[in-house]
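Enquirer: Whole structure, please, built from the sequences with the hints as guidance.
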Amino acid sequence: MEMYDLSLIWAVIIAFGVIMYVLMDGFDLGLGILFPFAPDEDARDVMMNSVAPVWDGNETWLVLGGAGLIAAFPLVYTILLPALYLGVFLMLAGLIFRGVAFEFRFKSKRTRGWWNAAFAGGSFVAAFAQGCVVGAYIQGFETADRVYTGGAFDWLTPFSVLTGIGLVVGYTLLGATWLVLKSEGHVREWARGLIPGLLIGVLAIFVIVSLWTPWIDPGVFDRWFDHLQVIWLLPFAALLCAAGIYLATRRRREGLAFLLTLGLFIFTYLGLLVSRWPYVIPPDYTLWDAASAPESQFFILIGVLFVVPIVLTYTAWSYWVFRGKVRVGEGYH
Amino acid sequence: MALDPILLSRLQFAFVVSFHAIFPVFTIGLASYVAVLQGLYVATGNAVWDRLGLFWTKIFAVVFGMGVVSGIVMAFQFGTNWSNFSQFASNFIGPMLSYEVITAFFLEAGFLGVLLFGRHRVSPSVHFFAALMVAIGTFISAFWILATNSWMQTPQGYEIREGVLHVTSWLEAMFTPSFPYRFAHMALAAFLTGGFVVCGVSAWFLLRRRDVEAHKRALSMTMWLLLILAPLQAFVGDEHGLNTLEHQPMKVAAMEGNWETQSNVPLLLFALPDRELQANRFEIGIPNGASLILRHDVDGVVPGLKEIPVDQQQPVWIVFYSFRVMVALGLLMIAFAVTGLVLRRGGRLYTSRWFLHGLQGMSLAPFIAVLAGWFVTEIGRSPWLVYNVLSYADAVTPSLTGGMVLATLIGYVAVYAVIFWAGIYYLFKVVRQGLDDLGADEEVHDVDRPMRPLSATHVPFDGTTASSRS
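Protein sequence lines correspond, in order, to chains A and B.
Its first residue numbered 1, the first sequence is counted upward by one per residue in the UniProt record's numbering.
Its first residue numbered 1, the second sequence is counted upward by one per residue in the UniProt record's numbering.
Keep in mind that the hints were calculated from the coordinates and are not lab data.
Backbone N, C-alpha and C define an ideal beta-carbon position, used for all residues, glycine too.
Check each hint, because a few of them may be wrong.
Away from chain B, derived, C-beta distances all over 12 Å, residues of chain A [stated by the list, open to error]:
| id | residue |
| --- | --- |
| 1 | Pro-39 |
| 2 | Leu-211 |
| 3 | Ile-231 |
| 4 | Leu-262 |
| 5 | Leu-273 |
| 6 | Tyr-279 |
FRET-style restraints, in silico, Cβ to Cβ [as the list claims (entries may be wrong)]:
| id | chain 1 | residue 1 | chain 2 | residue 2 | range |
| --- | --- | --- | --- | --- | --- |
| 7 | A | Asp-40 | B | Leu-331 | 58 to 66 Å |
| 8 | A | Pro-36 | B | Phe-235 | 53 to 61 Å |
| 9 | B | Phe-175 | A | Phe-306 | 19 to 27 Å |
| 10 | B | Trp-170 | A | Thr-313 | 24 to 32 Å |
| 11 | A | Leu-312 | B | Ala-414 | 34 to 42 Å |
| 12 | B | Ser-125 | A | Thr-313 | 23 to 31 Å |
| 13 | A | Asp-5 | B | Arg-121 | 55 to 63 Å |
| 14 | A | Pro-214 | B | Glu-162 | 19 to 27 Å |
| 15 | B | Ile-368 | A | Pro-36 | 36 to 44 Å |
| 16 | A | Leu-312 | B | Ala-417 | 32 to 40 Å |
| 17 | B | Thr-401 | A | Pro-214 | 29 to 37 Å |
Expert: Given below as structure tokens:
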């Protein structure tokens, strides 16, 4: 056990789980946000059908992340959750509503409008709350003696609202490129038309957040303006992805546009990670401060190493099975 | 009075976990029943078992889905409201809860899909195997949760270094003295829950003369099962109580409404416990009863609540009455099981209308008994979150204010009210549709369908179903 840095292994596992969640639940949350703006009910059917087979698999990463945190980095769990108390509630309520809406919308006719609203509202609230969490995380948390000491609304600041909106727009872009990939006819054309506007929105917020972030904390400033120039490749790569999305959409390279949107998210995510590395609870605690006992990390690592490959295989398999376009009036019911 | 974040957090946890718990308790019992039905189908080749299996699998799917949705919140409660507990005990509870999640994923990713959607795509034997693995999986899930809870009741296998708990022996920590009793008691409770729901639903169909042959079989086999399990549960419950007397005597004192540590303690049937008076204001009991049950001797000494300071005593009346509700319902279950045997011998098991009506009502009994039982064991442990180690006051999130908890408590009540209403409403629809329309044709369209619990049913959420003719 002593030969390996278990905390580091766990940091990689959880960072991987988080980005898996963001990428995978991101596009189905994005579809939910687009839901009220869809041209007609047929389009909504297609939108939901395109993610219905996979969305709950997507959300398993969130639960795995939550459970993994308390096992491997309990301090993160016990400071972040109290600090984000109301935000966490909003996110959970949103996720529950949209999850149930997924199931019952297809089985209802008279009450369909309500389930549409629950799906859209739940998706929006969950996405916004997650975006605020990102902002709150960059800002750091007020702690004393390993306990959160801040207030109930510390997570809600102009900066975190901006990141909240940023994630909403980002998820929506992800949802739109996904929908272009998975649909045809008028649904695809509608989604395609949204991409340039969403891309501009994402870029605008990306630039503001990027310029704002180094000034939040001297530690972040040093990280970006000290000797580690190589990290400037990350925002640069993200911008390249954004340009690529625009070009790929114009040339109707649907798969490429979606993959580049995933890339945009990944590089932005990595940029955020390096801003604060190795602090998992900025500004005071590193991942080693936050770790649980090595024997506990090891005990659960065995189970995770056994199950995660199975979950990944299963996930890949379900995406493979449901590959291709979703047509109006087809598939899920 | 200022809002107390500790009390509100306890209320919120109790609310969320109560609403969540009724689903897994049901699914654990039902999963085993489905496995039995599919096993009977493989063994006999009689299609009626397969039809019943399909019907109950659909109900299982809805309840499982509700359990998953309501359970998401649980994974976060430990951090949002009980962060000091999480920080103190995470070296143990972290891996335990994670293993539960991992077990559930494994189950969901593999065998549940085969059980729900593979009926016409794999052989009956493989399908039965999937059902069996799902049933075993639900027990493994329950194992992690109950082992964690039992550790909180009777902690061992740990040491505290610098205010943080470290596990010294995983085996000792996972298999604490109260664990085998709690697990057996809960497993039987799950079977009784599944059993009484199956009986109630079968009775509903028999009263309406729908699919009589199939539901007769379901009722018959389940009544035999209940005849064994209901009395067995009384025995196991008694053993569990004796174990509690050994390790958590004050919980038993509250259950019995006993204030003085003394001999010849009566078994109270009714009483008005009063904490300020430190006595019962009124009581009716069987002389020496409690001494006899707990010590097997009329002169046996039973611990009394006065052994601990007043401010450490539990809300005695909740524990006292919850215990009585649970026991009364348990006795009622035994009575129904025995009555079923009497009616069966007279050949009237499937026709006695009052009995069938009674069984319908009894579907609710196990749920109430389970919740009452959890109230006994959880509130009976107060003021300790980890018995004699960590109190509620030391466990709660320090930054919480009463207003914050009140806001989320109201929020969760609202969210769960909607979810619960929709779920139960839909469940009734599925039940009402019955076995009629559950043809193979429905699953022909199932090729490459998503593997999610609720998509295993096609019953419309609103509007009328063709087959509901009640």
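Enquirer: Examine each Cβ of chain B, and state whether all of them lie more than 12 Å from the Cβ of Tyr-279 (chain A).
Expert: Tyr-279 (chain A) is indeed farther than 12 Å from all Cβ atoms of chain B, at 18 Å.
Enquirer: Within 19 to 27 Å: is that where the Cβ-Cβ distance between Phe-175 (chain B) and Phe-306 (chain A) falls?
Expert: holds (22 Å)
Enquirer: Evaluate the given range 53 to 61 Å for the C-beta pair formed by Pro-36 (chain A) and Phe-235 (chain B).
Expert: Holds: the Cβ-Cβ distance is about 58 Å, inside 53 to 61 Å.
Enquirer: Taking 24 to 32 Å as the stated bounds, is the beta-carbon spacing between Trp-170 (chain B) and Thr-313 (chain A) within them?
Expert: Holds: the Cβ-Cβ distance is about 29 Å, inside 24 to 32 Å.
Enquirer: So does Asp-40 (chain A) sit 58 to 66 Å from Leu-331 (chain B), Cβ to Cβ?
Expert: With Cβ atoms ~59 Å apart, the hint holds.
Enquirer: Falls inside 19 to 27 Å, the C-beta gap from Pro-214 (chain A) to Glu-162 (chain B)?
Expert: Given a distance of about 36 Å, which is not inside 19 to 27 Å, the answer is violated.
Enquirer: CB of Asp-5 (chain A) to CB of Arg-121 (chain B), is that within 55 to 63 Å?
Expert: violated (45 Å)
Enquirer: Taking the beta carbons of Ile-368 (chain B) and Pro-36 (chain A), is their distance inside 36 to 44 Å?
Expert: With a Cβ separation near 42 Å, Ile-368 (chain B) and Pro-36 (chain A) satisfy 36 to 44 Å, so the hint holds.
Enquirer: Return holds or violated for the Cβ distance of Leu-312 (chain A) and Ala-414 (chain B) against the range 34 to 42 Å.
Expert: For Leu-312 (chain A) and Ala-414 (chain B) the Cβ distance comes to about 36 Å; the hint holds.
Enquirer: Taking the CB of Leu-312 (chain A) and the CB of Ala-417 (chain B), does the distance hold inside 32 to 40 Å?
Expert: holds (37 Å)
Enquirer: If I take the minimum Cβ distance from Ile-231 (chain A) to any residue of chain B, is it greater than 12 Å?
Expert: Holds: least Cβ distance 31 Å, greater than 12 Å.
Enquirer: With 29 to 37 Å as the target window, see if Thr-401 (chain B) and Pro-214 (chain A) comply at their CB atoms.
Expert: holds (33 Å)
Hints 13, 14 from the earlier list are contradicted by this structure; the remaining hints agree with it.
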